[in-house]
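A.B. asks: Top to bottom, those sequences are chains A and Z.
Following this note's numbering, the numbering of the first sequence begins with 1 at its first residue and continues without gaps.
Following this note's numbering, the numbering of the second sequence begins with 1 at its first residue and continues without gaps.
Where hints are given, some of them may not hold.
As the list claims (entries may be wrong) - Taking beta-carbon pairs under 7 Å as the criterion, some of the chain A residues facing chain Z (in silico):
#, residue
1, LEU44
2, LEU46
3, ASP85
4, LEU99
What the hints assert, rightly or not - Derived, one-sided and incomplete: chain A residues facing chain Z with beta-carbon distance under 7 Å:
#, residue
5, GLY16
6, GLU26
7, THR28
8, ASN32
9, VAL51
10, GLU98
11, PHE100
Claimed, not checked - Rough simulated footprint, nothing fancy, chain Z against chain A, three-plus residues with beta-carbon under 8 Å:
#, region
12, 63-70
13, 87-94
These aren't lab readings, by the way, just hints derived from the structure by calculation.
Since the structure is predicted, the reported quantities are computational estimates derived from the model, not experimental observations.
All residues carry an ideal CB built from backbone N, CA and C; glycine is no exception.
What follows is the residue order along each chain.
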Amino acid sequence: SQTIHQWPATLVQPVGSPLSLECTVEGTSNPNLYWYRQAAGRGLQLLFYSVGIGQISSEVPQNLSASRPQDRQFILSSKKLLLSDSGFYLCAWSQSGELFFGEGSRLTVL
Amino acid sequence: AQKVTQAQTEISVVEKEDVTLDCVYETRDTTYYLFWYKQPPSGELVFLIRRNSFDEQNEISGRYSWNFQKSTSSFNFTITASQVVDSAVYFCALSEAGFRGAQKLVFGQGTRLTINP
């Protein structure tokens with residue numbers, strides 16, 4: 001069966017520091033991959049999605065970037081974090097229309 | 001633009017009561033998908049159901065049931081005989097067709113459901 005993992009689960013970073021969140025999917029090949037963000041008390045917002053290695057689509061211009069170096073690996077990065085980057089980041093995958101999410105990474109920028 | 005509205009921000013009921021969570025959507029697409037997810041306190045989003053726009057049959061899964069009505073652009077979710085474990089935030093979402101079949105979901109703001117013993 002397919003599984004999705006993301007890490008770290010919790011992260012506290014100072015403003016201006018870099019960020020790297022990783023997500024991997026197991027048990028499937030060539031999935032579509034996604035990064036969503038959930039700000040405190042708000043719904044989920046799609047940040048990036050990828051339909052293949054090296055193919056990244058950005059939905060919201062912001063301080064973040066994404067990369068897909070391998071088929072089942074999706075990375076969310078920032079060179080310099082802002083306070084507004086705080087939130088709960090969720091990686092997801094889909095292949096046949098259904099979208100499944102990882103456990104989430106809670107980022108606090110101080 | 002696509003939009004999902006969950007007008008109920010919070011609902012609180014006593015265990016064993018039935019509860020319905022409302023979801024209204026807006027889209028210009030003729031082909032689309034609707035989803036429901038459960039977010040327990042742990043934070044992970046748990047997939048509950050996906051329904052395509054051409055299938056208006058109601059769906060039942062145990063104590064859960066979904067009522068899809070295109071005429072009113074609604075996709076409501078009912079929990080029968082609620083239990084404390086049903087306490088969570090529930091999200092309704094609408095997919096927007098993305099590049100090469102990617103599922104770009106637009107989420108509602110969520111409904112926080114509390115089941116009291």
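A.B. asks: Go through the hint on GLU26 (chain A) and say holds or violated, using the shortest Cβ distance to chain Z against 7 Å.
C.D. replies: violated (16 Å)
A.B. asks: Interface hint check: VAL51 (chain A), Cβ to nearest Cβ on chain Z, cutoff 7 Å. Holds or violated?
C.D. replies: holds (4 Å)
A.B. asks: Grab the minimum C-beta distance from LEU44 (chain A) to chain Z and call the hint holds if it beats 7 Å, violated otherwise.
C.D. replies: Hint holds; LEU44 (chain A) Cβ to chain Z Cβ min 4 Å, cut 7 Å.
A.B. asks: For the hint on PHE100 (chain A), does the least C-beta distance to chain Z fall short of 7 Å?
C.D. replies: holds (6 Å)
A.B. asks: With chain Z as the partner, please determine if LEU46 (chain A) meets the hint condition of a C-beta pair closer than 7 Å.
C.D. replies: holds (6 Å)
A.B. asks: Does the CB of LEU99 (chain A) sit less than 7 Å away from some CB of chain Z?
C.D. replies: holds (5 Å)
A.B. asks: Quick check on the hint: ASN32 (chain A) CB to chain Z CB, less than 7 Å?
C.D. replies: Result: holds, 5 Å to nearest chain Z Cβ.
A.B. asks: Is the interface hint satisfied for GLU98 (chain A)? The criterion is a beta-carbon contact with chain Z at less than 7 Å.
C.D. replies: Since chain Z brings a Cβ to about 5 Å from GLU98 (chain A), closer than 7 Å, the hint holds.
A.B. asks: Verify the interface restraint on ASP85 (chain A): the C-beta must sit less than 7 Å from at least one C-beta of chain Z.
C.D. replies: Since the shortest Cβ distance to chain Z is 17 Å, the answer is violated.
A.B. asks: Verify the coverage statement for the region 87-94 of chain A against chain Z, using a C-beta to C-beta distance below 8 Å and requiring 3 or more qualifying residues.
C.D. replies: With 4 residues close enough to chain Z, the hint holds.
A.B. asks: Counting residues of the region 63-70 of chain A that have a beta-carbon nearer than 8 Å to any beta-carbon of chain Z, does the count reach 3?
C.D. replies: violated (count 0)
A.B. asks: For the restraint on GLY16 (chain A), tell me whether the closest CB of chain Z is nearer than 7 Å.
C.D. replies: Violated, because the Cβ-Cβ distance from GLY16 (chain A) to chain Z comes to roughly 26 Å (cut-off 7 Å).
In this structure, the earlier hints numbered 3, 5, 6, 7, 12 are contradicted, and the remaining ones agree with it.
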